[in-house]
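Asker: Starting from the structure of chain A, add chain B where the hints point.
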Amino acid sequence: MSVKAILTDTTLCTGCEQCVAACKRVNGLGPDRPYRWQLRINDLSATRFTTILHRDGQSVRQQCRHCVEPACVSACLVGAMQKTPEGPVIYDANRCMGCRYCMMACPFEIPRYEWSAPVPYVRKCTMCAPRLAEGKMPACVEACPQHATIFGDRDALLAEAHRRLRAGPGRYVDHVYGEEEVGGTSVLMISSIPLDFLAARAGVTDQPLPELTWTVLSKVPPLALGMGGLMAGVFWITQRRMKLQREPEDRDREPRSQAAPGKADSARPIEDGRHK
Amino acid sequence: MSSRQTAVKTVLWTIMGVFAVVTIARFANGLGAVTHLSDAAPWGLWIALDVMAGVALAAGGFTLAATVYIFGLERYRPFVRPAILTAFLGYAAVAVGLMYDLGLPWHIWHPIVYPQLHSVLFEVAMCVMLYLTVLALEFSPVVLEHRWFDRPVFRTVHRLLKRATIPLVIAGIMLSTLHQSSLGSLFLITPYRLHPLWYSPIIWILFFISAVGVGLMMVTLESCVSAWLFHHERRADQLAGLGLAASVVLLLYAGLRLGDLAWRSQLRLALQPTSMAALFWFELAVSALVPGVLLAIAAVRRSARGLGMLALMAVLGIIGYRFDVAVVAFSRPAGASYFPSWIEVAVSAGIVAGAALIFLFFVERLRVYPEEPRAEQLPVAVRHIDPYGTRPLLPSVLAVPRRYSMGFVIGAALALAFLPRAGWLGATAMREPVSPARVVPGVVRALGATPGYHLAVMSAGAQDARVAASVGLLEIDGNRDGRVVLFPHDLHEADLGGAQSCVMCHHANLPFRRNTACAGCHRDMYSPTDVFDHGSHAAKLGGNGGCVRCHPNSELAKTRATATPCDRCHADMQLAGSRVRPARTFDGRTISYVDAMHRLCIGCHTELHQKEPAKHPADFALCGNCHRDAIGSSFQQLAPYAVVEHDVPSSTRVGG
Numbered sequence: 001m002s003v004k005a006i007l008t009d010t011t012l013c014t015g016c017e018q019c020v021a022a023c024k025r026v027n028g029l030g031p032d033r034p035y036r037w038q039l040r041i042n043d044l045s046a047t048r049f050t051t052i053l054h055r056d057g058q059s060v061r062q063q064c065r066h067c068v069e070p071a072c073v074s075a076c077l078v079g080a081m082q083k084t085p086e087g088p089v090i091y092d093a094n095r096c097m098g099c100r101y102c103m104m105a106c107p108f109e110i111p112r113y114e115w116s117a118p119v120p121y122v123r124k125c126t127m128c129a130p131r132l133a134e135g136k137m138p139a140c141v142e143a144c145p146q147h148a149t150i151f152g153d154r155d156a157l158l159a160e161a162h163r164r165l166r167a168g169p170g171r172y173v174d175h176v177y178g179e180e181e182v183g184g185t186s187v188l189m190i191s192s193i194p195l196d197f198l199a200a201r202a203g204v205t206d207q208p209l210p211e212l213t214w215t216v217l218s219k220v221p222p223l224a225l226g227m228g229g230l231m232a233g234v235f236w237i238t239q240r241r242m243k244l245q246r247e248p249e250d251r252d253r254e255p256r257s258q259a260a261p262g263k264a265d266s267a268r269p270i271e272d273g274r275h276k
Numbered sequence: 277m278s279s280r281q282t283a284v285k286t287v288l289w290t291i292m293g294v295f296a297v298v299t300i301a302r303f304a305n306g307l308g309a310v311t312h313l314s315d316a317a318p319w320g321l322w323i324a325l326d327v328m329a330g331v332a333l334a335a336g337g338f339t340l341a342a343t344v345y346i347f348g349l350e351r352y353r354p355f356v357r358p359a360i361l362t363a364f365l366g367y368a369a370v371a372v373g374l375m376y377d378l379g380l381p382w383h384i385w386h387p388i389v390y391p392q393l394h395s396v397l398f399e400v401a402m403c404v405m406l407y408l409t410v411l412a413l414e415f416s417p418v419v420l421e422h423r424w425f426d427r428p429v430f431r432t433v434h435r436l437l438k439r440a441t442i443p444l445v446i447a448g449i450m451l452s453t454l455h456q457s458s459l460g461s462l463f464l465i466t467p468y469r470l471h472p473l474w475y476s477p478i479i480w481i482l483f484f485i486s487a488v489g490v491g492l493m494m495v496t497l498e499s500c501v502s503a504w505l506f507h508h509e510r511r512a513d514q515l516a517g518l519g520l521a522a523s524v525v526l527l528l529y530a531g532l533r534l535g536d537l538a539w540r541s542q543l544r545l546a547l548q549p550t551s552m553a554a555l556f557w558f559e560l561a562v563s564a565l566v567p568g569v570l571l572a573i574a575a576v577r578r579s580a581r582g583l584g585m586l587a588l589m590a591v592l593g594i595i596g597y598r599f600d601v602a603v604v605a606f607s608r609p610a611g612a613s614y615f616p617s618w619i620e621v622a623v624s625a626g627i628v629a630g631a632a633l634i635f636l637f638f639v640e641r642l643r644v645y646p647e648e649p650r651a652e653q654l655p656v657a658v659r660h661i662d663p664y665g666t667r668p669l670l671p672s673v674l675a676v677p678r679r680y681s682m683g684f685v686i687g688a689a690l691a692l693a694f695l696p697r698a699g700w701l702g703a704t705a706m707r708e709p710v711s712p713a714r715v716v717p718g719v720v721r722a723l724g725a726t727p728g729y730h731l732a733v734m735s736a737g738a739q740d741a742r743v744a745a746s747v748g749l750l751e752i753d754g755n756r757d758g759r760v761v762l763f764p765h766d767l768h769e770a771d772l773g774g775a776q777s778c779v780m781c782h783h784a785n786l787p788f789r790r791n792t793a794c795a796g797c798h799r800d801m802y803s804p805t806d807v808f809d810h811g812s813h814a815a816k817l818g819g820n821g822g823c824v825r826c827h828p829n830s831e832l833a834k835t836r837a838t839a840t841p842c843d844r845c846h847a848d849m850q851l852a853g854s855r856v857r858p859a860r861t862f863d864g865r866t867i868s869y870v871d872a873m874h875r876l877c878i879g880c881h882t883e884l885h886q887k888e889p890a891k892h893p894a895d896f897a898l899c900g901n902c903h904r905d906a907i908g909s910s911f912q913q914l915a916p917y918a919v920v921e922h923d924v925p926s927s928t929r930v931g932g
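Sequence order for the protein chains is A and B. Numbered by my numbering, the letters in the first sequence go through residues 1 to 276 in order. Numbered by my numbering, the letters in the second sequence go through residues 277 to 932 in order.
Keep in mind the hints are simulated off the structure, nothing from the lab. Quantities reported herein were computed from a predicted structural model and do not represent experimental measurements. Be aware that one or more of the hints could be misleading.
[Said to hold, decoys possible] As a list, the in silico BS3-like pairs of lysine-lysine whose alpha-carbon atoms are at most 30 Å apart:
1) K83(A) with K219(A)
2) K24(A) with K136(A)
3) K24(A) with K83(A)
4) K834(B) with K816(B)
5) K24(A) with K887(B)
6) K438(B) with K243(A)
The following block holds chain A by itself, in its conformation from the complex (with noise of 0.2 Å):
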């Protein structure tokens, strides 16, 4: 199966909210109320999976980006968030430890926890992973009245938005936002305002965030091992050194220089004193 995605035209956009109600709809997640934890009711939340942020008078739809080499999977110790072939990143609340380091790791701050349950779950938007199962598209798509939210292979959203920013200079900024940040995502958006603000930080660059672990966790077996070589190898010295200090002594009294090693160490007063 190919790789789906979903193109986002904030031009087109009205920011009706038809996307967020559908979405609510489909998943289930019921009204939003204003907990602590949420900044404005309209932000994403346990939830709310996606919603309308206003920009420079655009509206502009947040939800998870499903990224091609997503940080949350990387990061995920339980395999709970996964990256399925057709392109949504889905999460396994049977895995799930509750650790949220998925939360800490996403370039765009999307995971929400459900901080009121006593047993809480990571929520983000999942494409519909179950609709697109069937057949289906995301509800949010379904729903979107202006057509400003489309779904489709990637590699054709990625040729219609081309399409789109040729087909009208000036009315968008020359980037198709989720083409190659982070070594891509599957939700595209085309904007006439810069889309940076998405980003934790503006910046964003073409690597793949779990590279950057890669790099280090693939040195983990050399540098253990290295460690317990260099270690064994200090410890023979030392011993070593300890018994040719000894061995003058030693020749005059009994053959204790016969001892073990670790033995040598054991002899000693202190660890051999247990109680009588």
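Answerer: Below, chain B alone, put in the same frame as chain A:
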């Protein structure tokens, strides 16, 4: 037992009392109820202090083990046992702290069955788990020395464990190297979220080296505290040696950190007058520069006070480093902040207190500090006559435990007294009081061919040829957050049939008022409001004698659920022609403002659209038909009125 120990343990037990209460609150009501964690700060005090700093402080275990067993520096042997015990308790504390911080702590074993080799946290989890086992094995010979275990089978185990010392020590060093550095590697994946003064491709090396340094300082500090607590002689020579080693390591850490920033040309960020730069220098000075430089001076190292203070400083500084990385220097959306709740602090303190009590338990009963024969020094408990009561009848040894119990109970009572509402009842949504809609002068502009209107707030005296009529607009923005619905009240009235139409929406009025606004009863934006006034009802019905009017069944509890529904007496609650149908079991609680508005507006609009689709096309019933304000306008500033126009409407149709 000395009075110092008794005092310290009483304090620790008091903290444990607080800890017990907040533990129940934490697990009964969830993280949101008792912490200040949020989507903007997913990791807080518990991860920064209990896990990241806790692991760093426990680095003394593998450092000292390496020093003595591997490098053969025998004169540090007296520090090995306390260091390993500290490390063991430190890691146990990490595990306990994790149980509080994890949302689903009963899944803590999942990394074993769902291993993810690409995750740094997986590596950390495995290493911590294995190292905890290694530390338990490394320390268990000390336990087995106790006379209770003086049996052949335990002697065999003891002998085997002693023989395994060196492999265990080397395994411990390997595991420690891995996860001490990996705790730094956790942040490699956050280049856009961690502040550039803290983010570094070599953050894992910085974490490892700073852990070695703070591990040495922790052993030093602990030795100073133990000497004070147990009236030991301080081992000045060895402590000075540890101080010198720590000085070298801490300066290495500071140099590497600054060098890395300079190498990547980020050092200029540290030289700008920003609060983050100030924090950076403060943290680096406290954690490494000041202790590193001062400990390089022999006289300072040898002074008890100097060494102790600098060790404490370095320990706090490295805790600060971990805290900065996990919390302070980590990006948050504008407006979001994090400061730990007192319950978070209490849990952290409780875990430390628990570890300290277990430490003292072992020190009092086992040869943790090997060369001080301690049991003989314990003063014999003195029996004393208490002329007032029962105490002489009890074994005097209970006198001190009773004091600890008292501390525990006082701690628990204090915690109960200060437990916030959410700690009892779980997290609840905040109140958002509603203000009534405001009338603003507006204009209505016909849209030419298409039916409907264009509404706009009019600036005073503004001239506009396209204006069809002036009209009073109701600005519905209940919580004044800048999101507003413009409601042409007069046009609705005209379209719906004049004065008779009022009751369609204004379904109830507060006493002595005409045309109560929606906000009069639906007083909270998102939560239900109680509008029932018990006092005035009781007075009207003749005081206590009137109870039965509403609470007819004396056997049932007098609650809303068992009371007579309001409309049994107030027959006029349901006006003829009203669009609003209060529930038959209306009990005095109104729905939220948002719900009330939505039900009223959406119901009517949807119905009209279905009835006359030609006159009322689909978007007549869409959210955007009314919510068309948010783009580029702010209605917070009303005077002097600026022309604030809506975007070009596809249709704003009011009635027709």
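Asker: Look at each hint and say if it fits the structure.
Answerer: Now for the hints, and whether the structure bears them out:
1. The suggested pairing of K83(A) with K219(A) holds, with an alpha-carbon distance near 25 Å, which does not exceed 30 Å.
2. Taking the CA atoms of K24(A) and K136(A), the gap is about 17 Å. The hint holds against a cut of 30 Å.
3. Annotation: proposed proximity of K24(A) to K83(A) holds, straight-line Cα distance about 22 Å (limit 30 Å).
4. The suggested pairing of K834(B) with K816(B) holds, with an alpha-carbon distance near 18 Å, which does not exceed 30 Å.
5. Note on K24(A) and K887(B): the hinted pairing holds, with a Cα-Cα distance of about 27 Å set against a maximum of 30 Å.
6. In summary, the hint linking K438(B) to K243(A) is supported, as the alpha carbons are separated by about 20 Å, within the 30 Å threshold.
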